[in-house]
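Sequence order for the protein chains is Y and D.
Going by our numbering, the letters in the first sequence line up with residues 1 to 376, in that order.
Going by our numbering, the letters in the second sequence line up with residues 1 to 382, in that order.
Calculated from the structure, these hints are not laboratory results.
None of these values were measured; they are calculated from a predicted model.
Careful, some of the hints might be misleading.
Calculated from the model, a selection of chain Y residues having no Cβ within reach of chain D, i.e. all distances over 10 Å [stated by the list, open to error]:
| no. | residue |
| --- | --- |
| 1 | E21 |
| 2 | D170 |
| 3 | V266 |
In silico lysine to aspartate or glutamate, DMTMM-like type, Cα no more than 25 Å apart, as pairs [said to hold, decoys possible]:
| no. | chain 1 | residue 1 | chain 2 | residue 2 |
| --- | --- | --- | --- | --- |
| 4 | D | K313 | Y | E10 |
| 5 | D | K10 | Y | E10 |
| 6 | Y | K198 | Y | E34 |
| 7 | Y | K218 | Y | E144 |
Virtual Cβ for every residue (Gly too), placed ideally from N, Cα, C.
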Amino acid sequence: MDFEMTEEQELVKANIKEFCEKYVEPIADQVDQEARFPAENIKRLAEQDMLGIPYPEEYGGAGSDYLTYIIAIEELSRACAATGFIVEANTSLACNPIYKYGSDAQKKKYLVPLCKGDILGAFALNERGTGDDAAATAVSDGNEYVLNGVKTFVWNAANAGVFIVFAKTDKSRGTGGGSAFIVPAGLPGIEVGKDVNKMGLRGAPSSEVLLKDCRIPKENLLGQEGQGPAIAGTALDASRIGIAALALGIAQGALDESISYSKERVQFGQPICNFQAIQWMLANMATEIEVSRCLAYYAAWCYDQDMPHSKEAAMAKLMASETAVRYSDSAVQIHGGMGTIKGQKVERLYRDAKITQIHGGTSIFTKMVIADNVPG
Amino acid sequence: MDFELTEKQKKIQKTAADFVKSELEPIAAELDRTKNREKLLAVLKKLAELGFMGITIDPQYGGTGADTVSFSLAMTEIGRGCASTGVTASVTNMVAEVIQAVGSQELREKYIPPLCSGEFAAGGFALTETIAGSDPAGMRMSAVADGDHWVLDGQKIFISSAEFAGVFVVWAVTDKEARKGKGISAFLVEPSFPGFRVGQLEKKLGQLASPTNELIFDNCRVPKENLLGVHNDGFRIAASELAGGRIGIGSMALGIGLAAMDFAAKYAKEQMQGNETLAGRQDVRSIIAENYTRLEGARLLLLRASSLKDQKKFYAKEASMSKVYATEAANKACHDALQIVGDYGYTQGCPTERFYRDARVTMIYEGTSEIQRLIIARELLR
């Protein structure tokens, strides 16, 4: 039992922290207020091998472990959750399915540029009427599949070079008939809709993806026909640890701001951090952030050990996202009226936190995953 | 980072779990109901024989020589079976640790081996007074030098194991003029010392098998050499030892919470309501999931604090975090487990009734939740 980070993990954390101070923090507000994709920082992160941290070097990754990646996402999100999210969606949702289920040729063709950051990836699972399930269709036609349907909440879509698209190859089999496809952007029949105007994570675009008789070669099927649910499940388990790290970063950012503000802000003749009511909020924040961190790191460690980690990932995401929402609220409260003003970091964190309870499996959904895996 | 337990840690955890399953769990309800002292003492003796009364103590003093992670794991297992036994073991380990940490060689050799071997049924930790609970530095009990002795006068309250402890660590004011907290010293007191008396037994809500009494010191004569650690440095000793004790109490509380939730989860899978089991209901499943998530977080937090202590790093903040979080998670788990089981869970025929009562005091003793939060905040604002 050892909770110390390895030298590599310490180094990555320190590098990202420095990177954030230099490049991410200064533009984080602008990225949020203008809902602007931080292309310059994504490019810089790609140059530093930060878009495929947990994948082998032969596929363009940094060859680190998943835990190192989780630490990086936490640190990025502490400065700017949108930036953390763009990297997370690429790494956990787009790279993971190709790394886990792709053929060697698919890995060479798609995973390498995704890990290197030459292109960004997007994960197209959700649909209007469904959610964590798929009703889009893929019909076999000679050497091709013909894809039809509308995918919603496809993060990174506007900037994506490749999509992981889930569609039904066998309608008769219900959820069992789903398959996953690698769909390059720019093919005829694939169209990215408008960026949705969101409450938080405004710098990370999310759009609809419309598939209209989109023809893709058979070789772009990922894994086997019918493997869609397994592929999505694997990626979502991995991504829940990533979202936990994202939420953790938001919560830690809220705590950082609250500590420094409460030391400066004077009311009744003394800094408000002298008041027990404020101290209680800070203590609860710090404690539950530490709980969330332990759960997230533990889930990542389980992933790295090839141990079952569905329950662990769900627990980490549930705890971290609830913590982020609850305590970004406390942070606004500690800041008072100032906390509701645009340009104050906690105002942004408060809005950014909410999606972590939803994306990648809602809190309620994660509870069902946990309940399925507990003793009794 | 490596979350894998070492072979030694796994062995200690398993030894504790096996003992609990075969010998402690079967009698826990009886211990609670009848306060059968003979059976409790037999259990404590067996725990000592298995090495659980001096887990982190150096083998040269009869200890097991294991680490704090092992201590945490063992306390959780014992807590699953019987919290009364758990608190006795946790405090006894803490007493042995404080003697090892600051005691003279003579004191270590005299008092630690009987604590570890079970010759002493338990150790006692006497800090709290009527007017000094969360603010122990405000204590009144006095110790005055008189020739070869210290003469102790005053009262301590809420002392676990007072009836059968072989030795007590007792704090008293040795310099009334000093600034608050700077004139307190610690002493080792045997029950046979003249002027020492065990006072009334408290009637409590939970942890009924573990007796809690007041201690009365009436011109109690303590040999000079039984001053523990540095004169007038006792308050610092108490504060640092309590941090270690908090890991023990948090770990034990986690055990109570896990036992409660395991019972409720199993019950929910078997109990039918209409056409479905309780566990088939989304509300019940949500409650179970939330509780196991908190308990898992508590487990990791406790192990992290333990690991920091083992590496001789600063761990006061982490110990407080793990105590407040684990004890509150455990209380919530006991509350929710009883709720899931329903009326049956409220009866003495069902262990959830005992878990619910036993968990409550863990949020109070060895530093209330409120005090833990102030300690955490103090460290955050440094």
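Violations among the numbered hints, reported as their numbers in ascending order: Hint check: 5 fails alone, others pass.
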